[in-house]
Amino acid sequence: MKIKNSNFSQKRRNFLVTSAGVSGAFVLGVTFKPDLTVAANNYGPELTHWILIDADETVTVRIARTELGQGTFTGLAQLVAEELECDWRNVKSEYADVNMHIHRDRIFKSMSTGGSRGIRDSQDYIRKAGAAARIMLIRAAAKRWNVPESECTTQNGVISNSLGKTITYGQIALSACEESIPTDISLKPVSGWTIMGTSPARFDIPEKTNGQQIYASDFLLPGMLHASILQCPVWGGTLKSVDETKISSLAGIKKIVKDQAWVAVIADNWWRANEALKLLPVSWNITDNQNVSSESISKLLRTGINDESSPVARENGNIKDAFQNAAQIVDAEYSSGYLNHATMEPQTTAALFTTERLDVWSGTQNGESTAAAAAETVGIDLKKVFVHKFHAGGGFGRRVAHQDFTKQAVKIARSLPGTPVRLQWSREEDMRHGKYRPVSLVKLKGALDREGNWLGWHVRQADQSIMITVRPSAIKDGVDPVNTRCFKDNPYTVSNYRNEYAMRNTHVPPGFWRAVAHTNNPFAREGFIDELAHAAKKDPYLFRRQYLQGTKDLDVLDAVAAAINWEQKPKAGFERGIAVVDAYGSYTASAVELSVDKDKKIDIRRVVVAINCGNVVHPDSVRGQIEGGVVWALSSLMHEEINIKDGKAVESNFTDYKVLKLAETPEVEAIVMPSGDFWGGVGEPPISSIIPAVANAIFQATGERVRQMPISKLGFSFRT
Amino acid sequence: MVCSLVRGDLKQVFSNKNGEKMVVLNVNGKKHRLDVEPEMPLLWALRDELKLTGTKYSCGVAACGACTVKINGNAVRSCVFPVSAAEKQEITTIEGLSADGKSHPLQKAWVKLQVPQCGYCQSGMLMTAAVLLEKSSNPSDQEINQAMQNICRCGTYVRVKKAIRMASEEA
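Heads up: the protein sequence lines correspond to chains V and H, in order. Using our numbering, the first residue of the first sequence is number 1, and each one after it goes up by one. Using our numbering, the first residue of the second sequence is number 1001, and each one after it goes up by one.
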């Protein structure tokens, strides 16, 4: 079997070939030999570049984003099918081919699957594609029948006319492809939706229950070899020497590849490669970075907190006057450490390098970035790079901006031209060479008057910038736009407010992480609002209400308060916490009811999470993201931390990097309440309000204000 | 400042590539003869030798459960289980959980409740749950909590619990 080559001729259609093989075959895990002869091909029977309709009625929707488990592979197809008015049972998804995307001037727009953008940033052009295709089908049918288009209607993939004639989409699709793509398109109102807003079975589920789902870790090519890598444990160091003779004669070992800061062993079996790597004598050139520790980083952050000339991210009114007039001043510091994504599938990429082209197989969160990284690394024309996408075994931001594993994989493959090699990181490498959610220290100071009214607020953040490593131009006047989220866009209407940002960078590699700054910043902000309410002797829910003007913030806050019955006292021994945060274009609030025993064991009885994400495409997936968000939030609150010692990560596996388990997981009550007037994200927003809601409930139950994560360090645990 | 770090002691492994001994594995009812080192973890014999890739590598130290298979009715973390110990044992992987890949009560419940997200841990989850139900057809919450030590980063635990209960009611 051959790869259907993605090097297309500009001829628009050749119906002998469909694009199903372009990526579909990879997902099925069929082993085949790449066709290196670059056969002429085309784009398939397209109705817009997003949609293909075959004579057998199959509607194929091309998906530019990556399925990470959030349901985007199904949800984006729903958006198309709704406007297309096809039969949902005939719809399937396939990945938009990355090479085609490059050849067609990035026609699939953003391939990035991060920032909870998969649906909200695609919905407009994806739905218009569905609507355009429907018009093209109607036009073709109207011509065939010689009737006006206005006399044709569509339903479930069938076009009917006023004379009672019918034709299916599959029967007219070839003719419809000849129609020009309409530009004047109107989209259905929410009230007209029949596929969007419902929860059809996700396409990717069955194969994830029987071992048939093929990930980048599983994909096989004939003769494929396996590589394991060891990177300099102290970031910034370089490879000094390796004694290859110690392992080169071991069974199965094919090659040792050395690079500036890593060494990899290639073998016929990954275990053999990894075992040999463990035996390989390696020495490194280590820099002064080895003197860095969690303690030294804490001191560095302290210099930011003490820096009176820190850049100002936002200023309203005059905090100086507010504090001078204050009857009471509340201040507190909140801190959190480095966090690793620890995707269940460690970083994995396969590559095949030849003189003609470079093929890369990856569960990337951005196919275009992977192609660009691969091309740049080996210095070949981007158009000769063929990235084949798989569903990722977890992403959480690790596989988007940083393509370190891609660069390594193509370098390794280049050392054996013509042989496919898969690089799979060991868990230890994955833990020690993450792109960590950065450390943070936040100092908050609030001014209250005699009646407990909130006069002023001063927030100074000291943390490590992610953007400086991936897009420095986004940093304006020293302020990181990502790390200041939640404070810079703080929705509370305190009239005197100042948010300062002190960037303090270290050699520890930072990266985007599911909800990123919307994990540590809400912890600090909503924890502190609770502290203010307490100092003002006011109810934390009502105190928030007093200073929130936006009705969407209020609506979700009211919803969780009502659901948890905030007005009534909880059952004896239980206490509650509440928080509200808008994030990634959506509005969320959480309310929690828990007890804490004398051994600091927390028993979470209820977690209620509300989200207004504007519009909901697949309600069950939204609930799934809320459930997963609760686990992500509780895991980071309780357990997770990468510590730094001697310039490197201390933690190396799930044995010391603890994450939440099933026994610790509470039931989740999700309130999905779309207002219908905007499009917000889903994958990350709920996390932001869950963390502080739990922390605030812990205070109510114990009187102990938790101001650092993970709280296992404070002696807390979840009752199991 | 520059210093150097040297890792690990050297010892010779891979002593068994002379072909003098074959490992016989009984996987999903089929016998396979393998010319591999006896200390090779079963996981890698399954994945890289037998090409049964449904069983996943994630931690390599029996800490996460993604590699769980059934051996003689027990849930075993195959990433630390040497093939020599698996010889002549009855091994079931996710590919052998049901004949058609969909009719095990757990598979049905998993689809009905749309349990998986990224799915990478789910083979191990299912195999662990299958052994649990074989040992305790109607497990208590406590039994589920104790048995299901598998790690899921997407956070499917809520539905895993529900699906196990649903399957136990059906079985």
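These are calculated hints, taken from the structure and not from any lab test. Treat each hint with caution, since some may be false.
Chain H is faced by these chain V residues, among others (derived, beta-carbon under 8 Å) [said to hold, decoys possible]:
#1 Thr183
#2 Thr198
#3 Thr209
#4 Gly211
#5 Trp270
#6 Asp620
#7 Asn653
#8 Val668
#9 Phe716
#10 Ser717
#11 Thr720
Straight-line alpha carbon distances no greater than 25 Å define the calculated DSS-like cross-link-like pairs of lysine-lysine that follow [as the list claims (entries may be wrong)]:
#12 V/Lys255 x H/Lys1162
#13 H/Lys1088 x H/Lys1162
#14 V/Lys254 x H/Lys1135
#15 V/Lys407 x V/Lys255
#16 V/Lys407 x V/Lys240
#17 V/Lys658 x H/Lys1112
#18 V/Lys278 x V/Lys246
#19 H/Lys1112 x V/Lys92
#20 V/Lys383 x V/Lys488
#21 H/Lys1051 x H/Lys1031
#22 V/Lys143 x V/Lys109
#23 H/Lys1102 x V/Lys92
#24 H/Lys1088 x H/Lys1030
#25 V/Lys240 x V/Lys258
#26 V/Lys383 x V/Lys411
#27 H/Lys1102 x H/Lys1031
#28 V/Lys92 x H/Lys1135
#29 V/Lys552 x V/Lys571
Glycine residues also receive a C-beta, built at the ideal position from the N, C-alpha and C atoms.
Hints and how they fare:
Taking 8 Å as the C-beta cut-off, the interface hint given for threonine 183 of chain V is violated, the closest approach to chain H being about 37 Å. The beta carbon of threonine 198 of chain V comes no nearer than 13 Å to any beta carbon in chain H, farther than 8 Å, and the hint placing it at the interface is violated. Proximity of threonine 209 of chain V to chain H holds as hinted, the smallest CB-CB distance being about 4 Å (cut-off 8 Å). A hinted interface residue such as glycine 211 of chain V counts as satisfied when its beta carbon comes closer than 8 Å to some beta carbon of chain H; here the least separation is about 2 Å, so the hint holds.
Checking tryptophan 270 of chain V against chain H by beta carbon gives a least distance of about 6 Å; that is within 8 Å, so the hint holds. Hint status for aspartate 620 of chain V: holds, given a least beta-carbon distance of 6 Å to chain H, under 8 Å. Interface hint status for asparagine 653 of chain V: upheld, as the beta-carbon distance to the closest one in chain H is roughly 5 Å, under 8 Å. Below 8 Å, beta-carbon pairs count as interface contacts, and valine 668 of chain V has one with chain H at about 5 Å; its hint therefore holds.
Restraint check, phenylalanine 716 of chain V versus chain H: the minimum CB separation of about 19 Å is more than 8 Å; hint violated. A cut of 8 Å between beta carbons decides the hint on serine 717 of chain V: the least distance to chain H is about 14 Å, and the hint is violated. For threonine 720 of chain V, the shortest C-beta to C-beta distance to chain H is roughly 6 Å, which falls under 8 Å, so the interface hint holds. Using a Cα cut-off of 25 Å, the hinted pair lysine 255 of chain V and lysine 1162 of chain H is violated, with the two alpha carbons roughly 48 Å apart.
Of the supplied pair hints, the one linking lysine 1088 of chain H and lysine 1162 of chain H is violated, its CA atoms being roughly 35 Å apart against a limit of 25 Å. A distance of roughly 45 Å separates the Cα atoms of lysine 254 of chain V and lysine 1135 of chain H; the hinted pair therefore is violated under the 25 Å criterion. Only pairs whose Cα atoms come within 25 Å are accepted, and lysine 407 of chain V paired with lysine 255 of chain V is accepted, the gap being roughly 18 Å. Between lysine 407 of chain V and lysine 240 of chain V, the direct Cα distance comes to roughly 20 Å. Compliance with the 25 Å bound is thereby established for this hinted pair.
Proposed proximity of lysine 658 of chain V and lysine 1112 of chain H is contradicted: the alpha carbons are some 30 Å apart, above 25 Å. A threshold of 25 Å between alpha carbons decides the hint, and for lysine 278 of chain V with lysine 246 of chain V the separation of about 11 Å falls inside it, so the pair holds. Between lysine 1112 of chain H and lysine 92 of chain V the alpha-carbon distance is near 19 Å, which keeps this suggested pair within the 25 Å criterion. With a C-alpha separation of about 41 Å, the suggested pairing of lysine 383 of chain V with lysine 488 of chain V is violated against the 25 Å cut-off.
Between lysine 1051 of chain H and lysine 1031 of chain H, the direct Cα distance comes to roughly 14 Å. Compliance with the 25 Å bound is thereby established for this hinted pair. Restraint check for lysine 143 of chain V and lysine 109 of chain V: the C-alpha separation of about 33 Å exceeds 25 Å, so the hint is violated. About 20 Å separates the Cα atoms of lysine 1102 of chain H and lysine 92 of chain V, which keeps this hinted pair within 25 Å; it holds. Proximity of lysine 1088 of chain H to lysine 1030 of chain H is assessed by CA-CA distance (about 11 Å); at most 25 Å being required, the pair is judged to hold.
With a C-alpha separation of about 10 Å, the suggested pairing of lysine 240 of chain V with lysine 258 of chain V holds against the 25 Å cut-off. Distance restraint check for lysine 383 of chain V and lysine 411 of chain V: the Cα-Cα separation of roughly 18 Å lies within the 25 Å cut-off, and the hinted pair is therefore satisfied. For the hint pairing lysine 1102 of chain H with lysine 1031 of chain H, the CA-to-CA distance comes to about 23 Å; that is within 25 Å, so the pair holds. A hinted pair counts as satisfied when its Cα atoms are at most 25 Å apart, and lysine 92 of chain V with lysine 1135 of chain H does not qualify at roughly 39 Å.
A distance of roughly 30 Å separates the Cα atoms of lysine 552 of chain V and lysine 571 of chain V; the hinted pair therefore is violated under the 25 Å criterion.
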